[in-house]
Amino acid sequence: MALRELKVCLLGDTGVGKSSIVWRFVEDSFDPNINPTIGASFMTKTVQHQNELHKFLIWDTAGQERFRALAPMYYRGSAAAIIVYDITKEDSFQTLKNWVKELRQHGPPNIVVAIAGNKCDISDAREVPEKDAKDYADSIHAIFVETSAKNAININEVFIEISKRIPVADAVAETPGRGFKLGRQASESRRMCC
Amino acid sequence: MLSLHRDWDDIMEKEDHQQGEEQEVKICDSSSETLATSLSLLGNHMFPDSVQRNDSSDSQLSDLAAAVEPCLKSEPSDHVTRRENEGPENGVPTQPADTEPEDADVENEQSDSGDFVAEMLAKAKLEEQGIGLKGRSSPLLEAGNDESPALMSHRDEDVTAESWRQHRKHVFVLSEAGKPIYSRYGSEEALSSTMGVMMALVSFVQSGDNVIRSVYSDGHTVVFLQKGPLVLVCVSSSRQSEQQLRGELLYVYYQIISMLTQASISRIFEHKKNYDLRRLLAGSEKILDGLLNLVDSDPSFLLAAVHCLPLTCSLRDSLSQILQKAITPNLVFSILIAKNQLLTIVQEKTVIEDTRLEPADVHLLLNLIGASSAFQAGEIWTPICLPLFNPDCYFYAYISYLDPPDCTVCLLLLSTDKEAFYAVAECKRKIEEAMVTQKSLSLIAKAQSYSVSQVGVSDLRHFMYKPFDVPDHYRQLSQFTSPEMEAPYSSEEEKMRLLDLYRYMHSRIHSTSRPLKLIYHVAERETLLAWVTSKFELYTCFSPLVTKACAITAITKLLRWIKKEEDRLFIRYPAKYSTTPNPSKSSRGAKSDQQDSTDNGFLSLL
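Heads up: the protein sequence lines correspond to chains V and W, in order.
The opening residue of the first sequence carries number 203 in the numbering used here; numbering runs sequentially from there.
The opening residue of the second sequence carries number 2 in the numbering used here; numbering runs sequentially from there.
What the hints contain is simulated information worked out from the structure, not anything from laboratory work.
All figures in this text were calculated on a predicted structure; none of them were measured in a lab.
Heads up, the beta-carbon is just placed ideally off N, CA and C, and yes, glycines get one too.
Hints may be right or wrong, so weigh each one.
Unchecked claim - Some but not every residue of chain W turned toward chain V, in silico, with C-beta under 8 Å: (1) Val160; (2) Ser188; (3) Met260; (4) Lys273; (5) Tyr276; (6) Arg280; (7) Ala283; (8) Gln325; (9) Ile328; (10) Pro330; (11) Ala488; (12) Pro489.
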């Protein structure tokens, strides 16, 4: 089975739950007292998508302002960006719009953008209506889900959606080709052995 | 601001004459009532005792109030309004022209703290009992807080509460515009008027071409440190020397620099004088909190030396060799840490020829790793500045634990190339592989600090030994060794008490006015002997019944034991590698590297 490496970065305001989403996805665990990320944290997870394996190289960036200038280092070359906001904080949704703008100006041209409205388990305190966010996401052709890292709602789904949206064209051009080549080499060497 | 300073000048004329330029302005309550009065303004309850003493000086108080007021007003926006909201109980007069309300304030203060002296005395007890809030890291640091620890983080503390006032050591950081940047306890917003007054004190003394350094009151020492656009203030009841407290403030400053660099802080404040630096430090308060807890509980800071985990020489060498082999261009430092202590450190040759790694930089790195659990997930890549190495530049740090989920052995790789993550991560894989084949992790897990009983001197309870005799040629990191604190120093409060005794001895030894070489100090529950020579600095703690002759024999034995064990207790020969990409340089580096490795007593690997 072909293996594709997909670089994904998480962006968004501090405290919206980027690390929690990654932890839920990679480790399937949740820590309510998680510390703010320092710099950026790198993790990987491989999932199967149709007849391919997708290895997500996840860059979980720090939301604090002092690390803001580093963001290009992480989104450069990314296949996808998950921009996270907190549905209980209007401000974080405004920050999200700034990230979308920045990605559009400086990000990779074909980057898949996913918008995750996190903390949907506490919708009592909601400040951002789901419809507003959905409309906004549609207007920029982004994936949209409301998630809860705490209750494991829609976390895997975000990554599944990303897998679906990754252009297949790339895959045809690169990965299967390499796989084919390897296969032939293997058979050749076997022949020589016999 | 100028006219304001003229007011201040009148008040302070006397002091200015007494104290020469550049001289320390020490203000004792008795000698200069005026400034002590102004400190009562600081007194969001910090100096209720001086308030009590000075309520006669109404006119001076109003002068001061007049001076403070415009200073705060010159600050746009929030400050003034917040002050008004806080009202009189804050102790800062709101109506400078009228002395009446201030008197009322003072009265309030007094009744507020009617039994303050008694409480101050009781406080010492509370501290000994170690009633604290923050638990794990050092419960001793906060005394007698009534609030439920589970519900209240120290940042939500009520800054008007007695419990807030009773903290053993407060640390405040503010900008030159008087904007709060950090407070160890309580929220910065709630303290903005207090910090405004601190800044008024600083700029007032500054206007007389002088520098405020410290203020002494009965129970407290206030130490000021101005570094560039930042002002750091420590209010301590810990009886530490001013010099020690200033050293601790310097660590706080360095930790801030390590996150932002000195250059960017200067640039920010040049550009915008009243910038709120908390925007950039948001989320990093824990690192500063952690540093202050460590400064209180770990003698490394006092001794300005690094404590490494005792390891057999062969194991430490094999770890160094593993690190030496896993290199990539622009890698500068490879550091292995276990249980928050140094295992080994390998350094880029050409870089370290120019500058040596200072213990303070290592302390900041150790604190960064210890203060946040954020490093326990995945591999971290973050910019970090080593302020003593170069205060204006960032290194890029790769941080990853080698033994998840236990997270005791941590690898730290510092590169100068911000894009080098994948290359550096590859070094980690190599290190991990080599450590698996050599079973290093299980060997490290067995390593632990030692017991003083191993020395075999019956009356010796504890010691700290810092050698100076390392040949400069090696550009060795300053290190010290010390056994575990065991009974009777096993409880947190007893540990702190012993550390306080050491701090006292240290302050006597390093006193600027009257330095000492040898102190034999008979305390209530133990006898201490501190000794500094050209070769080492030694602090020992004996049982109280030891005789002087006995102690001296014991020290001779101890020194002999340390000499015998020094290969295990210290990193003797810091290993080096060469990763400079420049081919001519690297060939030269490789050559001298080889030479060096024989120098270092390693078998040549090449």
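Open item on the list: Under 8 Å is the threshold here; is the Cβ of Val160 (chain W) close enough to any Cβ of chain V for the hint to stand?
Closed with: 24 Å, violated
Task: Evaluation of the interface hint that places Tyr276 (chain W) against chain V, nearest CB under 8 Å - done: Not OK, violated: Tyr276 (chain W) not within 8 Å of chain V, min 12 Å.
Open item on the list: Using the nearest Cβ pair, does Pro489 (chain W) come within less than 8 Å of chain V?
Closed with: 35 Å, violated
- [ ] Would you check whether Ala488 (chain W) satisfies its interface hint, that is, whether its CB is within less than 8 Å of any CB in chain V?
- [x] 33 Å, violated
TODO: Grab the minimum C-beta distance from Ile328 (chain W) to chain V and call the hint holds if it beats 8 Å, violated otherwise.
DONE: 20 Å, violated
TODO: Would you settle whether the hint for Gln325 (chain W) is holds or violated, based on the nearest Cβ-Cβ distance to chain V being less than 8 Å?
DONE: 25 Å, violated
Task: Hint check: 8 Å Cβ-Cβ cutoff, Ser188 (chain W) to chain V - done: 17 Å, violated
- [ ] So, Met260 (chain W) near chain V? Judge it on the closest CB pair being under 8 Å.
- [x] 7 Å, holds
TODO: Against chain V, run the beta carbon of Ala283 (chain W) and see if the smallest gap drops under 8 Å.
DONE: 6 Å, holds
Open item on the list: Holds or violated: the hint that Pro330 (chain W) contacts chain V, with Cβ atoms closer than 8 Å.
Closed with: Result: violated, 18 Å to nearest chain V Cβ.
- [ ] Hold the hint about Arg280 (chain W) up to the distance rule: shortest CB distance to chain V must be less than 8 Å.
- [x] 5 Å, holds
Task: Interface hint compliance - Lys273 (chain W) to chain V, C-beta minimum distance less than 8 Å - done: Violated, about 14 Å.
Checked against the numbered hints above, the structure violates hints 1, 2, 4, 5, 8, 9, 10, 11 and 12; every other hint is satisfied.
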